[in-house]
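Trainee: Listed below are the residues making up each chain.
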Amino acid sequence: MSDKKDWPKEVEALKAVQLAFDLSSDIQRAFRVAAAMQDLNTSAMVRKALNLPYRRKRIRPRITVTLHEEDFEQLAARYNLPADDRAAIRQRVAEELGQFATAFLADQDTPGK
Amino acid sequence: MDTQSLILALGDATHAGRTFNVMPVAGDDPVLQIAVSGADETPVYLTVTESQILCLVYLFEESEIRASALPELHESMLRISVPMPLSALGKVENHYVVYGSLSPTSSQTEVMQELVTLADNAIDLLQTFEDFLE
Chain A
1 MSDKKDWPKE VEALKAVQLA FDLSSDIQRA FRVAAAMQDL NTSAMVRKAL
51 NLPYRRKRIR PRITVTLHEE DFEQLAARYN LPADDRAAIR QRVAEELGQF
101 ATAFLADQDT PGK
Chain B
114 MDTQSLILAL GDATHAGRTF NVMPVAGDDP VLQIAVSGAD ETPVYLTVTE
164 SQILCLVYLF EESEIRASAL PELHESMLRI SVPMPLSALG KVENHYVVYG
214 SLSPTSSQTE VMQELVTLAD NAIDLLQTFE DFLE
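Protein chains in written order, with this note's numbering: chain A, 1 to 113; chain B, 114 to 247.
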């Protein structure tokens, strides 16, 4: 392979593309996170970062989860509840989501994070 | 053909009803990220060397593949790669990619044809290989 005089340059080009892809991925992730934190969609976030006019779409902060039969069974086993006690399972789901949000927001507020 | 002239040429161009959103990616070597209208989810990365214009779309990472499906996926990739128009499948580090390369003396129309075909092929491939992924 090293006998091919032009190939090392092609390998370098491929590395440059890989670096570009990694950088783009990091930038996209940063904009998705920043947009979510500011209740914006990603394209509005990009426009905001560039000081261009953007439309703030009203995003309803609503969390929904559709639970299927097998989900109830799995959750019932984890919560040690009867699978048919759906009200109790939903209550525990709501508590668990609340705990996740509290821990996540506390983590975000910690200096240095 | 170099990346600067491609930025200028593709910015205003239309090919088969498709337009191109070109963004240079910061770095030592010039690389363009090109989103083809109608296939925005599979951006094409393009770089130009003395030997070729290399166009490449990232499909998925190795870690996304179901371990038991890996041999069958590789077999399927090798078989699909031959009839697939203008593109071939490959691997860069831990990423599976679809790519096409052209002569550096290719015309703008040929580059646009490659970009449109590659971006569309990438969407088809992602659907084809969906069952092999986690």
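Rather than coming from a laboratory, the hints here were simulated on the basis of the structure. Among the clues, some could well be false.
Straight line, CA to CA, 35 Å or less: simulated DSBU-like cross-link-like pairs of lysine-lysine [stated by the list, open to error]:
(1) A:Lys-57 to B:Lys-204
(2) B:Lys-204 to A:Lys-9
(3) A:Lys-48 to A:Lys-15
Chain B residues, not near chain A, derived (Cβ > 12 Å throughout) [to be verified]:
(4) Gln-117
(5) Ala-129
(6) Gly-130
(7) Arg-131
(8) Met-136
(9) Glu-175
(10) Ser-176
(11) Glu-243
Quick look at which bits of chain A chain B covers, simulated, 3 or more residues with Cβ under 8 Å [claimed, not checked]:
(12) 10-16
(13) 19-31
Even glycine gets a Cβ: it sits at the ideal position worked out from N, Cα and C.
Trainee: Evaluate each hint against the coordinates.
Mentor: Here is what the structure says about each hint:
1. A:Lys-57 to B:Lys-204: violated, 40 Å
2. B:Lys-204 to A:Lys-9: holds, 18 Å
3. A:Lys-48 to A:Lys-15: holds, 32 Å
4. Gln-117: holds, 15 Å
5. Ala-129: Since the minimum Cβ distance to chain A is about 25 Å, B:Ala-129 lies beyond 12 Å and the statement holds.
6. Gly-130: holds, 22 Å
7. Arg-131: holds, 20 Å
8. Met-136: Non-interface label on B:Met-136 violated, nearest chain A Cβ at 8 Å vs cutoff 12 Å.
9. Glu-175: At roughly 14 Å from the nearest Cβ of chain A, B:Glu-175 sits farther out than 12 Å, so the non-interface label holds.
10. Ser-176: holds, 14 Å
11. Glu-243: holds, 20 Å
12. 10-16: Our answer is that it holds, as 5 residues pass the Cβ test (under 8 Å) against chain B, meeting three.
13. 19-31: holds (count 5)
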